[in-house]
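These protein sequence lines are chains A and B, in that order. For the first sequence, position 103 (counting from the first letter as 1) is numbered 103 according to this note's numbering, and the numbering increases by one without interruption. For the second sequence, position 26 (counting from the first letter as 1) is numbered 26 according to this note's numbering, and the numbering increases by one without interruption.
Don't take every hint at face value.
[Stated by the list, open to error] Computed cross-link-like contacts, DSS-like style, restricted to lysine-lysine with a CA-CA straight-line distance of at most 27 Å:
no.	chain 1	residue 1	chain 2	residue 2
1	B	Lys124	B	Lys147
2	A	Lys24	B	Lys127
3	B	Lys20	A	Lys127
4	B	Lys75	B	Lys86
Simulated from the structure, these hints should not be mistaken for laboratory data.
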Amino acid sequence: MASTSNILNEKNILKYSKSFQENKPFKFSFMENVFEESFYQELYNTYPKFDNSWIQIEELDKSTYRKFWFNEKKQILDKPGNDENFSESWNTLHNFVHSEDFSEIFSKFCGVEKLRTKYFTFANLIKGGFQYPHSHNVSPSTLTMFFYFVKDWQQGDPGCTHFSSGEEESDILVEPYNLDNSMTIFLDSPNAWHGVRYITKDVERRSLCVIMEKYSEELGWDSDNQNKS
Amino acid sequence: MPTFEISRMVQASPEKLFSKILDFEYYSNYFPQIKNITILERSDTKVVTRETFVFKSIFKKEIVQDTIHNIGNNKLKSEIISGYAKNSTIDVLLTKINTETKVDVKANIQLGLKGKLLQPLLKKFFKMYVSGVLMKILTEIHLDENK
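Same shape as in the complex, but just chain A:
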C-alpha cells in the first residue's frame, strides 16, 4: 500500500481538528486540499463513470445515485479487499480507509477513540438531485465524511452537502462551493442537521461517502448499543 503521506494531507486535515471539535451547534467541518495532489488527480481521473450501473435512490426525502464496493446492490457493512471494477488508486484508497492509519487520523481529528470504517459508498447527484435536511442520531461516535471530486463548481450553486440548524433553507450554516479535492465531515448528534439543496444545473456531484464509528471486539458497533439499557 502507498504510504499515508502519499494519500492524505494528514497535517492539513489535523489543522482543522480543534475548530471541528469546538464547532457549534454540532461538530462539523469543511476542509480543502484533503488528498495529496497527484493521488487526488488519479482518483479524479478514474472516478466511476456515471452510467446505468449506478443505483438510483428515489425516496421522498432524496434523489441520488449510489455505487457500492464489490458490486453490492445496497449499503451493507463494508469490508477490506480489492475490487477490480475500480482503478488501482481507488483500491489503494479503499484499503487505506480500512487501515489503522486512517482510523488513527480521524480518531485524533474528532476526539473519538477506536473508530473503524463501517460504510464506503460512491454518491453521485445530478440535476434534480437533493437530500432533505435531516439528522441521523444513531450514535455519538458516528463520523460521516463526504470527499468531493468535482472541478469548476460555481459559487452559490446548490449540490454540496450543507450543514444546518434545522430543515429550512434559511437554517443553512455552511454550504461549500469548492468541490475539488475537498470534504465535509460531521459527528453524529440529535441536531447534526445536513442535506443537499435541489440541484438545478446539468452537473454531477461526484463524491465518496465514508462512515466510521467506534467499534470494539467486546461490544461491537457503538450504534448497536445505543438503545440497550
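With the hints as your guide, set chain B onto chain A.
Okay, now just chain B, sitting in the frame of chain A:
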C-alpha cells in the same frame, strides 16, 4: 386535530405545477408507500380517487381510502372520505410570484384513536414529504421541457 402547514417557493409556473399535482395516478412514483391510485370518477371540477398505501414499517398491511378532490383555479381541496384518516382535508393553493410559484399546503388530519399514535410521526414527515414531492414534480416538469 393536528393541522400542518407548509409554504414553498418553486421555480415553475402554477399551471405546470397544478397539472402535475392533478396527475394522481403518477403519485406512486413519488411515494414508495403508495401502491397505486385509481380514478373512480372525474370531471372538470372534481376527481374521486382510491389510494392503496403499504406502510411496511408502521402497519405492515395495506390501507385503502377514497378521496374527493375539488378542483379550483390553481387550488385543490381534497377530503378523505373513507379509511383511517376519514374526514381529513388537504388544501393546496398555488400563487404566482414573479417567475416562481408559492405553494401553500395545509392539512387537517383526522385520525381514529389508533391513528393518534401516529401524530408525532406525521408531524415529523409532513414537511419532508411535501417538500420531497414538490422537488420530484419539479424534476418531472424539467424533464418534460427537455423532451
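For this session: Would you list, in rising numerical order, the hints stated earlier that this structure does not obey?
Result: 1
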